[in-house]
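Peer 1: Using the sequences and the hints given, assemble the complete structure.
Spelled out from the first residue to the last, the chains are:
Protein chains: 2
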Amino acid sequence: MKPTVGFIGLGLMGKPMALNVLKAGYPLVVWNRTAARAEGLVREGAKLGASPAATAAQADVLITIVSDPPAVEKILWGADGALPALRRGSVLIDSSTISPELARKTAVACEKNGVGYLDAPVTGGTWGAEKGELVFMVGGKSETLEKVRPVLEAMGKKIFHLGPNGAGQTVKLAMNLILALQVEALAEALALVTHAGVAGEKLVEVMQASMARAAVLDVKAPLILKNEFPPSFPLRLMHKDIRLALELARQEGITLPAAAASYATYSAVKEASKDDPDYAAVARFWQKT
Amino acid sequence: MKPTVGFIGLGLMGKPMALNVLKAGYPLVVWNRTAARAEGLVREGAKLGASPAATAAQADVLITIVSDPPAVEKILWGADGALPALRRGSVLIDSSTISPELARKTAVACEKNGVGYLDAPVTGGTWGAEKGELVFMVGGKSETLEKVRPVLEAMGKKIFHLGPNGAGQTVKLAMNLILALQVEALAEALALVTHAGVAGEKLVEVMQASMARAAVLDVKAPLILKNEFPPSFPLRLMHKDIRLALELARQEGITLPAAAASYATYSAVKEASKDDPDYAAVARFWQKT
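Protein sequence lines, in the order shown, are assigned to chains A and B. Each number in the working numbering comes from the position in the first sequence (counting from 1) with 573 added on. Each number in the working numbering comes from the position in the second sequence (counting from 1) with 573 added on.
Worth flagging that the hints you see were computed from the coordinates, not collected in a lab. One thing to keep in mind: the hints can contain errors.
In this list, chains with the same sequence are indistinguishable; a pair is considered to hold if it fits within one copy or across any two.
[To be verified] With a Cα cut of at most 27 Å, we get these calculated DSSO-like pairs of lysine-lysine: (1) Lys-620 x Lys-596; (2) Lys-813 x Lys-731; (3) Lys-575 x Lys-685; (4) Lys-596 x Lys-799; (5) Lys-575 x Lys-799; (6) Lys-775 x Lys-813; (7) Lys-575 x Lys-704; (8) Lys-731 x Lys-799; (9) Lys-731 x Lys-775; (10) Lys-704 x Lys-730; (11) Lys-620 x Lys-843; (12) Lys-775 x Lys-620; (13) Lys-704 x Lys-775; (14) Lys-704 x Lys-799; (15) Lys-775 x Lys-720; (16) Lys-775 x Lys-714.
The structure displayed is predicted, hence computed values, not measured ones.
Peer 2: Here is the structure:
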């Protein structure tokens, strides 16, 4: 019989990931802060956990994916938190994007309880989550990864083992830094040409025929040109991830000049936006008012 | 009989471009500040011009590609400069990367003499120049472009007509801004992971499987990982192009925060480099000393 999977965090990413685990035949127990987000999964056969602790207590493998480090701390160590409830021999997979430091702290706490731990943040967006084609960036012990690999394979097409705990988060922060700067670069370039009297569409057309072409720009350029930003990866989360990257850089004693400048741009747009836009909305920084 | 083409500027880009014009069967007259750079072309059948003026005087179409705005001003308006020598009815194509402002000034001067003018900077690097697969970003009149299109097609695979004079340069500066920031982003991300104890190769491997993949990064990542920077597009020229983009932004009354920060990084590396490296050498900024 397949191991029981617990799943905490049914947001834009978590919900389709959990559905793929269920479809792969794993008994599934889910919990979400807003319970209504669990309804579809329950209709498909998942059990609803009463709390993070109650969910963890039933799980052989517990997957968590919530929005930021404070949310991770709350579901693990808060009231009715998951961590003390995890059974000896179970494995916690955290797919949230957090600091490598918090990943290592969680690993130590798990080890004390005889629980395996992987930091396993993902990339691929909501599209990848729905198709089961996410990329997992894993930090932790090989034997722990091998134990849960089939569960990860239900959600992802590529699983990279990058080193000990924290390494998955380190690479994820670096990855999102590249994405944030690529989109900032496009936004700055579009601001430049449009203010100088050339239609943004022309820059995009030339770009796609040149060395400047990039996967993320194929996806985000149309949003910027239309000035419509339905959230695939929300700007508030990208803003948080740039902050985590800058904090890691500070701990390592290096400066990241473009990342720091871009953080200021994302911050300004986050403050000014009344909706919850995709991070391509960084282009709003240059909108004529 | 095919029109005679004059070609001024036989650098990393100009030399292979001129060779492709010659191979396409155009009578070719060449001039370069360092005459030795013309030897190969002369062996292949090109004539050597005695000066920019003497080269221009023989040309139905004059192509110029030199390193920066002062170099353009010198070959056009300096001693024995090309511009006064151009014949009525001829066309000047400037493929240098310069300010849109200087392009428009040159267009006005050409028009007074009955000479057609296109700003037609290129992208595609030395590889594209050698293969005849450059992308031309053209500003100017349609009828002027149509007159010289076959000459451009000898050197390039795509020709984008982007608007009136200056539009080609505007898009080129925006394009190089994207490239400069993409490579800066990769360099910052690699600095982050390596300082945090993860091998840079791992980030590149994950990146290439993710939405962060980009054409320029496939080319530049290996250079950064090997810490070897033979110039394909020299850092000193990218540094100049970011400066031109920032100057254009200032004229248009907008700020480009990441571009400004990145300019400082490229400046620092340019000052510290004793060789003439490719712009991927921006990664030297984070080298442990």
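Peer 1: All hints are to be evaluated individually against the structure, with a verdict given for each.
Peer 2: Hint-by-hint comparison with the structure:
1. For a Cα distance limit of 27 Å, the shortest separation of Lys-620 from Lys-596 inside one copy, 14 Å, qualifies, whereas the shortest one across copies, 72 Å, does not.
2. For the homomeric pair Lys-813 and Lys-731, the shortest alpha-carbon distance inside one copy (25 Å) is at most 27 Å, but the shortest distance between copies (40 Å) is not.
3. Proximity of Lys-575 and Lys-685 under a CA criterion of 27 Å is satisfied intra-copy only: 26 Å inside one chain copy versus 82 Å between copies.
4. In this assembly of identical chains, the alpha carbons of Lys-596 and Lys-799 never lie at most 27 Å apart, being 36 Å within a copy and 44 Å across copies at closest.
5. Taking the shortest Cα distances, Lys-575 and Lys-799 never come within 27 Å of each other, neither inside one copy (46 Å) nor across copies (45 Å).
6. For the homomeric pair Lys-775 and Lys-813, the shortest alpha-carbon distance between copies (23 Å) is at most 27 Å, but the shortest distance inside one copy (32 Å) is not.
7. Proximity of Lys-575 to Lys-704 under the C-alpha cut-off of 27 Å is restricted to the intra-copy arrangement: shortest distance 22 Å within a copy versus 56 Å between copies.
8. Taking CA atoms no more than 27 Å apart as the test, Lys-731 paired with Lys-799 passes between copies only; the shortest distance there is 26 Å, against 32 Å inside one copy.
9. For the homomeric pair Lys-731 and Lys-775, the shortest alpha-carbon distance between copies (13 Å) is at most 27 Å, but the shortest distance inside one copy (35 Å) is not.
10. In this homomeric assembly, Lys-704 and Lys-730 come within 27 Å of each other (Cα to Cα) only inside a single copy, at 9 Å, whereas the closest approach across copies is 36 Å.
11. Within a single copy, Lys-620 and Lys-843 get their C-alpha atoms no closer than 36 Å, and across copies no closer than 60 Å, so neither meets the 27 Å cut-off.
12. For a Cα distance limit of 27 Å, the shortest separation of Lys-775 from Lys-620 qualifies neither inside one copy, at 52 Å, nor across copies, at 38 Å.
13. With identical chains, the CA atoms of Lys-704 and Lys-775 are at most 27 Å apart between copies only, with a shortest distance of 24 Å across copies and 32 Å within one.
14. In this homomeric assembly, Lys-704 and Lys-799 come within 27 Å of each other (Cα to Cα) only inside a single copy, at 26 Å, whereas the closest approach across copies is 36 Å.
15. When the C-alpha separation of Lys-775 and Lys-720 is checked against a cutoff of 27 Å, the pair qualifies only between copies, where the shortest distance is 22 Å, while the shortest distance within a copy is 50 Å.
16. For the homomeric pair Lys-775 and Lys-714, the shortest alpha-carbon distance between copies (17 Å) is at most 27 Å, but the shortest distance inside one copy (49 Å) is not.
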